[in-house]
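Quick note, the sequences are listed as chains U and V, same order.
Note that our numbering numbers the first sequence so that position 185 is 185, with each residue one more than the last.
Note that our numbering numbers the second sequence so that position 240 is 240, with each residue one more than the last.
Keep in mind that the hints were calculated from the coordinates and are not lab data.
Don't take each hint at face value.
In silico negatives: residues of chain V with every beta carbon more than 12 angstroms from chain U [what the hints assert, rightly or not]:
id, residue
1, Arg41
2, Thr113
3, Met120
4, Ile132
5, Leu205
6, Val215
7, Phe291
Simulated coverage check for chain V against chain U, where a stretch passes if three residues somewhere in it have a Cβ under 8 angstroms from a Cβ of chain U [unchecked claim]:
id, segment
8, 195-203
9, 207-213
Subject to a maximum C-alpha distance of 25 angstroms in a straight line, what follows is the list of computed DMTMM-like cross-link-like pairs (lysine to aspartate or glutamate) [unchecked claim]:
id, chain 1, residue 1, chain 2, residue 2
10, V, Lys114, U, Glu195
11, U, Lys191, U, Asp201
12, V, Lys114, U, Glu72
13, V, Lys114, V, Glu199
14, U, Lys25, U, Glu195
15, U, Lys25, U, Asp194
16, V, Lys114, U, Asp194
17, U, Lys208, U, Glu177
18, U, Lys191, U, Glu207
Beta carbons: idealized from backbone N, C-alpha and C, even for Gly.
Listed below are the residues making up each chain.
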Amino acid sequence: MLELANVETFYGTIQVLFGMSMRCKRGEVTTLIGRNGMGKTTTVGSIIGTLESRGGDIRFDGEVISGRPAYEVAQLGIGLVPEGRQVFPNLSVRENLVATAANYSGSSDPWTLDSVLEFFPRLRERLDNQGSQLSGGEQQMLAIGRALMLNPRLLILDEATEGLAPLIRQEIWRRLEQLKQSGMTILLIDKNIDELAHIADRHFIIEKGRMVWQGDSDALTEDASLKARYLGI
Amino acid sequence: MSWLPQSVSGRIYASLLLILAPAPFFFEWINQPFYLDLLSRALILAIAAISLNLILGFGGMVSLGHAAYIGIGAYCVGIPSYYDYYNGWLHLGLALSVSASFALLTGAISLRTKGVYFIMITMAFSQMVFFILLSLEEYGADDGLVIYSRSEFPAWLSMDSSTSLYYWIFGLLLLSLFFIHRLVNARFGRVIVGSKFNEQRMQALGFNTYRYRLVCYVISAMICALAGMLLGNFAGFISPDMISWARSGELIFMVIIGGVGSFFGPLVGTIAFVLLEEFLSLITVYWHLIFGLMLIALVLFGKGGIHGWLSLLDRRGGGHG
Chain U
1 MLELANVETF
11 YGTIQVLFGM
21 SMRCKRGEVT
31 TLIGRNGMGK
41 TTTVGSIIGT
51 LESRGGDIRF
61 DGEVISGRPA
71 YEVAQLGIGL
81 VPEGRQVFPN
91 LSVRENLVAT
101 AANYSGSSDP
111 WTLDSVLEFF
121 PRLRERLDNQ
131 GSQLSGGEQQ
141 MLAIGRALML
151 NPRLLILDEA
161 TEGLAPLIRQ
171 EIWRRLEQLK
181 QSGMTILLID
191 KNIDELAHIA
201 DRHFIIEKGR
211 MVWQGDSDAL
221 TEDASLKARY
231 LGI
Chain V
1 MSWLPQSVSG
11 RIYASLLLIL
21 APAPFFFEWI
31 NQPFYLDLLS
41 RALILAIAAI
51 SLNLILGFGG
61 MVSLGHAAYI
71 GIGAYCVGIP
81 SYYDYYNGWL
91 HLGLALSVSA
101 SFALLTGAIS
111 LRTKGVYFIM
121 ITMAFSQMVF
131 FILLSLEEYG
141 ADDGLVIYSR
151 SEFPAWLSMD
161 SSTSLYYWIF
171 GLLLLSLFFI
181 HRLVNARFGR
191 VIVGSKFNEQ
201 RMQALGFNTY
211 RYRLVCYVIS
221 AMICALAGML
231 LGNFAGFISP
241 DMISWARSGE
251 LIFMVIIGGV
261 GSFFGPLVGT
271 IAFVLLEEFL
281 SLITVYWHLI
291 FGLMLIALVL
301 FGKGGIHGWL
311 SLLDRRGGGH
321 G
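Can you make the complete structure from the sequences, with help from the hints?
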């Protein structure tokens, strides 16, 4: 569904991705793992079009999306839950969800305000609050809800549970499990290897802007040296 | 009653509109036509400030060239009148179409920049218009142009008397407020407001924010040109001075005094600005100094402007809306 081949991305003159390659298959949960500063968020930025890659190629459902503006990539059906949530603080929860809603996947049973509020009942209680008035966990639920309201074909979560309280994390993992069961294709970035191994089908490890390892959850959990070498665990 | 504003500030704004509605009859009754002129001028500038607030307050686009659209609106009355074309629909149509075209052209370039570069480029375009008009000797150059008769509309829409012109101004003010309120609360407006905070995020949600911001800029310019058209008719005189960057700066101050990003803030901010300007100048010839100090104090200590202060009443009163 999503395929990156030898992607090279720069911040100005500084190269961050050095021929990054990976792929996400339809209906699977894929993870991108690596230590801080290895290029995970840069990879996400290159996929969604907020960063322009200068080399290689990014394809979504066979269509080249590298070099296309972010709004066009989103319209093709890639929804992002960004690092740091980035909900609109000056819009209410309802406005955050409804104002940007779309059915980019052309789903016959699209996500609606009601279904998102059913998915995250906590948001219903906070519907008229401004985005800035929510806790970190509520903001993350809102960010996921906002991405779901686009009815994406691929959902990307950058640092899905970073900085959240343990109970909220569990809630988020449960919801992601539900999304997986519904058949949604997901690309996950997180540091919680145990949870990732539990939920995901395929993992990619990034080190200094290159994909250095790929495999399934069994391979990831069994190889202790892998975690020590690339993830510092 | 549910149609009544729920908040204290909302009731104050509604009361202000109710006071403004019969103002001409009141000033006629106390035989003070000067105050009607003062109020008319304030409300015309309020329309311009409201239009600026659409891009500045809601969209985060700080334009230091918005007075250009006042000038364009005014010259769209003045130049046809110079050739004895007084048809009001012609003036109105010209003001809207010329301002929209100019905004589309300059906005398409300006909106490719951000922050201080946007401020500078909007000012540069405005100064271009200023110097073009300054060089047009046929239309009075820096001496300006006298408009001998107001725009002609059917009798029931005439703006010949001070009272009827006031109701044109008041009517267009209400329309502008209503239109911008609807616009900002629609999906279009939410995209603009969201882009102000995080444009990249809005793009990643599938919105071509450049186009949205450009449309917003053009709408704002057209509303501002309406203010210009009214100002030309009101003053009976137009000159390039209307377009200078200092006028654009004053518009920004009007918005800041009233409250950036609030619907009624620019209205109360403009009335406060015009009244202060008028009455301070009666006290001393150095009124600019006092006025400047007041503005500095407001910017430093009065965050949120008059609307911000009124919002404090809402919080104390527990009101909302």
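Hint-by-hint comparison with the structure:
1. Distance check for arginine 41 (chain V) against chain U: the nearest CB is about 33 angstroms away, which clears 12 angstroms, and the non-interface claim stands.
2. Non-interface call for threonine 113 (chain V) relative to chain U: holds, since the shortest CB-CB distance, roughly 17 angstroms, exceeds 12 angstroms.
3. Annotated as non-interface, methionine 120 (chain V) keeps its C-beta farther than 12 angstroms from every C-beta of chain U; the closest such distance is 23 angstroms.
4. Its beta-carbon lying about 35 angstroms from the closest one in chain U, isoleucine 132 (chain V) satisfies the requirement of being farther than 12 angstroms from that chain.
5. Consistency note on leucine 205 (chain V): stated as away from chain U, yet its beta-carbon is not over 12 angstroms from all of that chain's, at 4 angstroms minimum.
6. Even its closest Cβ contact with chain U, about 15 angstroms, leaves valine 215 (chain V) beyond 12 angstroms, as expected for a residue assigned away from the interface.
7. Taking the minimum C-beta to C-beta distance to chain U, about 31 angstroms, the non-interface status of phenylalanine 291 (chain V) holds against the 12 angstroms cut.
8. Residue count for the segment 195-203 of chain V with a Cβ under 8 angstroms from a Cβ of chain U: 7. That meets the three needed, and the coverage hint holds.
9. Residue count for the segment 207-213 of chain V with a Cβ under 8 angstroms from a Cβ of chain U: 3. That meets the three needed, and the coverage hint holds.
10. Simply put, lysine 114 (chain V) and glutamate 195 (chain U) have alpha-carbon atoms about 42 angstroms apart, too far for the 25 angstroms limit, and the pair is violated.
11. Taken as a hint, the lysine 191 (chain U) and aspartate 201 (chain U) pair is honoured in the structure, with Cα atoms around 16 angstroms apart against an allowance of 25 angstroms.
12. Between lysine 114 (chain V) and glutamate 72 (chain U), the direct Cα distance comes to roughly 22 angstroms. Compliance with the 25 angstroms bound is thereby established for this hinted pair.
13. For the hint pairing lysine 114 (chain V) with glutamate 199 (chain V), the CA-to-CA distance comes to about 11 angstroms; that is within 25 angstroms, so the pair holds.
14. With a C-alpha separation of about 20 angstroms, the suggested pair lysine 25 (chain U) and glutamate 195 (chain U) falls inside the 25 angstroms cut-off, and the hint holds.
15. Distance hint between lysine 25 (chain U) and aspartate 194 (chain U) is fulfilled; the C-alpha atoms sit about 21 angstroms from each other, no more than 25 angstroms.
16. Our distance criterion of 25 angstroms between C-alpha atoms is broken by lysine 114 (chain V) and aspartate 194 (chain U), whose separation comes to about 43 angstroms.
17. Taking the CA atoms of lysine 208 (chain U) and glutamate 177 (chain U), the gap is near 30 angstroms; set against the 25 angstroms cutoff, the hint is violated.
18. Proposed proximity of lysine 191 (chain U) and glutamate 207 (chain U) is supported: the alpha carbons are some 14 angstroms apart, at most 25 angstroms.
Hints 5, 10, 16 and 17 from the earlier list are contradicted by this structure; the remaining hints agree with it.
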